[in-house]
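There are 2 protein chains.
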Amino acid sequence: MESQVLVIGHKNPDTDSICSCIVMAKLAEHYGVNAKPARLGNINKETEYVFKHLNIEEPELIEKVDEGQKLILVDHNEKAQSVEGRDKAKIMAVIDHHRIADFETTEPLYYLAKPYGCTSTILFEEYKKAGLEIDKVYGTLMLSAIISDTLLMKSPTCTENDVKAIHELEKITGLKADEYGLEMLKAGTDLSTYSSQEVINLDAKEFEKNGKKIIISQVNTADIDDVFSRREELEFAIEKEISDKKVDLFIFVITDIINTNSKIIALGNEKALVEKAFNNKLDEFDSMMLNGVVSRKKQIAPPLLDVID
Amino acid sequence: MESQVLVIGHKNPDTDSICSCIVMAKLAEHYGVNAKPARLGNINKETEYVFKHLNIEEPELIEKVDEGQKLILVDHNEKAQSVEGRDKAKIMAVIDHHRIADFETTEPLYYLAKPYGCTSTILFEEYKKAGLEIDKVYGTLMLSAIISDTLLMKSPTCTENDVKAIHELEKITGLKADEYGLEMLKAGTDLSTYSSQEVINLDAKEFEKNGKKIIISQVNTADIDDVFSRREELEFAIEKEISDKKVDLFIFVITDIINTNSKIIALGNEKALVEKAFNNKLDEFDSMMLNGVVSRKKQIAPPLLDVID
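As given, the protein sequences belong to chains A and B, one line each in that order. Going by the numbering used here, the first residue of the first sequence is number 4, and it counts up by one from there. Going by the numbering used here, the first residue of the second sequence is number 4, and it counts up by one from there.
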């Protein structure tokens, strides 16, 4: 038997990273690859809702990989977002919907990226091309991932392909995206049991450009003020993170999933970049309202990365 | 009408880069994109044979692209191998069969890579998936590219998918790969009209790793000794290139397409890397015989890049 290939999403996994690694592992098995899904961190409450709904187990947690370990990456490619030990591992394939950066191999590989709202939408199309049946469980995994990444189709990252996949998956699963999806998203907004340090790390992604280290962390909420009321303790946790990880800029994004707006808090030596990127001033709480902004990938990271030069 | 997207292969274009950009442009048009093929340099004699056979015109030559120009890249991704001005252009899609390195975008894109022998094999499969008819002209372009990149299926880069595509394309075009392909490959081995400087640049690819600049240049021949008889003038041209372009290592690969061996000449401050990579000594002419080695991508670049650390 060929050596086992691990299928992994990004650090601080979100619903897409967790669901897509399971969905991808099955597709790889279909093509004769001995594949196993794994996760790089705890699942969040939104993803927990999905697994409780399906009554299935979450993928195994791994912290690092050994030299020569074969990997399939889903939902990410940048090194800073990936597993420890990746430099000495062998990346066989990548399925992703993000920009490509800080990614290098010495040999050719499979790489499939599409500018869709969600990795699972790409996988949904690959299942169809492969003639691989999508059952209720895998359909729900895909549907959950797409609803999560597109904020129930409200995010500007949502494409026609995502909408089409959602509607087809509603038929397969018998679920209504509006009802099931809103419950799932709401489950993810419950931050009450998390410490501030946990809150700022729930969905944090690291970016590197021109030697600058940027972390953009995002939480969903139905009430921005409710999260912002924890501002002081959150700032304290962010300042500690900045100092511990030598971060140049930390942006904490509080996204209102009902009204599709975001409030950000920006800290670090390079916080002026935020003012330049969004052409606006940070207020006395180092915060700024971004109307209509909900997507880190499409609305926050690109203007920021563009002003670093 | 949407702004025109240029479809380009790599610098010092080979038959795959030229044929695939034409083939890709038609596929893009099929998906509603206003696409135009272009080339980054003169076509070589092998490619010339293909265009004479088909009696069609070669793509337009471009030297650089303007800011904001939309691009589709075929057969390459590394910056050093791509068009001038790419940093400020917008890469919409990449179709490639090489390792990924020195490639970065700020936004998501289409990226399709497979570890096949040839870009045109990937495109052949995409035409079939899209239900797009392959006529004799486009079939010949694809067939020529695959024969070129796989050295008539003799290269270790050749996969089952390449072989399958060749056989299907033989039916479509009515050509016999063995006959047509050997004539085409032989046409490419005629170096008699080229100056030494032209010979070493016909199919030269630049690689960067850890700040080291490496050029690997390859020519095909039916007689290694014949090319090697020009050693002195070739070395002179290589030394000039090393000095002009601040190259750390220049490897000139003379590949015998009949017996599938290669002789290399290695020059530059880092020529010891070659001895380390191939575990053998360079002789008094700075040359080394590599038995069974014909593929830069699979047999020369990876061991070299691996010893740079």
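It is possible that some hints are incorrect.
[What the hints assert, rightly or not] One side only, chain B facing chain A, incomplete, derived with CB under 8 angstroms:
hint: 1; residue: Phe106
hint: 2; residue: Pro111
hint: 3; residue: Ala116
hint: 4; residue: Lys132
hint: 5; residue: Glu136
hint: 6; residue: Phe231
hint: 7; residue: Gln302
hint: 8; residue: Pro305
hint: 9; residue: Asp309
hint: 10; residue: Val310
The set of hints was computed from the structure by calculation and includes no laboratory data. A virtual CB, placed ideally from N, CA and C, is assigned to each residue, including glycine.
Do the hints match the structure? See the list:
no.	hint	verdict
1	Phe106	holds, 6 angstroms
2	Pro111	holds, 4 angstroms
3	Ala116	holds, 4 angstroms
4	Lys132	holds, 7 angstroms
5	Glu136	violated, 19 angstroms
6	Phe231	violated, 29 angstroms
7	Gln302	violated, 11 angstroms
8	Pro305	holds, 5 angstroms
9	Asp309	holds, 6 angstroms
10	Val310	violated, 11 angstroms
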